[in-house]
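Trainee: Given the sequences, and given the hints that come with them, work out the whole structure.
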Amino acid sequence: MFNGVCTALVTPFRKNKVDLAALTKLLDFQIDNRVDALCVLGTTGEATTLSFDEKIMIAKFCLARVGGHIPIIFGIGGNNPTEITKLGLALKDIASTDKEFQISVMLTPPYYNKCTQAAAVKYFHQIADDIGLPMIVYNVPGRAGMNLEPATLKKIATHPLVVGIKEASGSMSQIIDVVNSCPDISVYCGDDALSLPCYAVGCRGVISVASNIRPVETREIWRTHDAELFMSELPIYRALFCEVNPGPIKYALSLKKLCSPEVRPPLTILSKQSILQHGFRKFFVPTSG
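Under this note's numbering, the first residue of the sequence shown is numbered -12, with each subsequent residue one higher.
Hints are computed from structural coordinates only; laboratory data are not their basis.
One should not assume that every hint holds.
Subject to a maximum C-alpha distance of 30 Å in a straight line, what follows is the list of computed DSSO-like cross-link-like pairs (lysine-lysine) [stated by the list, open to error]:
| hint | residue 1 | residue 2 |
| --- | --- | --- |
| 1 | 101 | 141 |
| 2 | 269 | 243 |
| 3 | 259 | 244 |
| 4 | 73 | 101 |
| 5 | 12 | 269 |
| 6 | 4 | 109 |
| 7 | 244 | 47 |
| 8 | 4 | 47 |
| 9 | 2 | 269 |
| 10 | 244 | 269 |
| 11 | 142 | 73 |
| 12 | 79 | 47 |
| 13 | 79 | 109 |
| 14 | 243 | 2 |
| 15 | 243 | 12 |
| 16 | 259 | 12 |
| 17 | 269 | 73 |
| 18 | 109 | 73 |
| 19 | 142 | 79 |
| 20 | 259 | 243 |
| 21 | 79 | 101 |
| 22 | 101 | 142 |
| 23 | 142 | 109 |
| 24 | 2 | 73 |
| 25 | 4 | 79 |
Mentor: What follows is the structure, given as structure tokens:
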């Protein structure tokens, strides 16, 4: 689907409703700063607290604003295969109205109910068959409660519609094994703080939270593999994950007047303690001149 930087886009809210005016600003900011792709309705987009109708509205809005400019990846993760397939087919139907739309879906393992490694292979293959769209497999043990092992990902990657893997296990050893095990598909870094090491071992890009607000710097690290720039960004990455994502990134974006810091329960707006401790105003308040 892409090489380089894909922004895991936030979903802006205003009084608990999707803020389409802010979403317009966020989309334009990403296009103006030339990111390579967008991931919508993912973890950073608070997809678990969006209704089906809200997801469809957001998808239509993003495709109308961005479709044809860059690829869009839609998160369809969940733990009910029937509902996942329903959403995937609805997205496919929306995209089929215009041949310029380049979309794929991103799917996590089923969280809470979980499954065995063997069952995970069947799960991803069945949903890929049912939906018929290019799929990125998202390995995120911290959210899903299970780790897709490299041998499992290798088996999942044999499906012709599985075009990528987003690796967010946090283990460089595992990421190396996945890159080596799956040489014919794209492996993407799922952790901003590991992006440069991941590039060094063969990952083809990053699905990034930080690029919501640092698209230029995130792209430059990908383009140049500049270790000094990467190291200078690490304190920002730590700030953006000092509390549960997307609370910190939404607060940072609010300082840039791009959206409200509002998140949906059970998440909460970034605490004053974290704001002070991690220097948010230093990093994200525009300076005059």
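Trainee: Checking one constraint from the list: CA of residue 142 to CA of residue 109, max 30 Å. Satisfied?
Mentor: holds, 10 Å
Trainee: Would the hint linking residue 142 and residue 73 be met if the CA-CA limit is 30 Å?
Mentor: It holds: about 25 Å lies between the C-alpha atoms, which stays within 30 Å.
Trainee: If you draw a straight line from the CA of residue 269 to the CA of residue 243, is it 30 Å or shorter?
Mentor: holds, 12 Å
Trainee: Verify the proposed pairing of residue 142 with residue 79, using a straight-line Cα cut of 30 Å.
Mentor: holds, 25 Å
Trainee: Holds or violated: residue 4 with residue 47, Cα cutoff 30 Å?
Mentor: Holds, because 16 Å separates the two Cα atoms, which is no more than 30 Å.
Trainee: Does the alpha-carbon distance linking residue 79 and residue 47 stay inside the 30 Å limit?
Mentor: holds, 11 Å
Trainee: Regarding the pair residue 259 and residue 244, is the alpha-carbon distance no greater than 30 Å?
Mentor: The given pair, whose Cα atoms are some 18 Å apart, holds under the 30 Å limit.
Trainee: Between the alpha carbons of residue 2 and residue 73, is the straight-line distance 30 Å or under?
Mentor: Holds, at about 28 Å.
Trainee: Would you mind confirming whether the straight-line C-alpha gap from residue 244 to residue 47 stays at or under 30 Å?
Mentor: holds, 24 Å
Trainee: Keeping to a limit of 30 Å between CA atoms, is the pair of residue 259 and residue 243 held or broken?
Mentor: holds, 17 Å
Trainee: Between residue 259 and residue 12, does the CA-CA distance stay at or below 30 Å?
Mentor: Holds, at roughly 26 Å.
Trainee: Verify the proposed pairing of residue 73 with residue 101, using a straight-line Cα cut of 30 Å.
Mentor: holds, 20 Å
Against the hints set out earlier in the document, violations occur for numbers 6 and 17.
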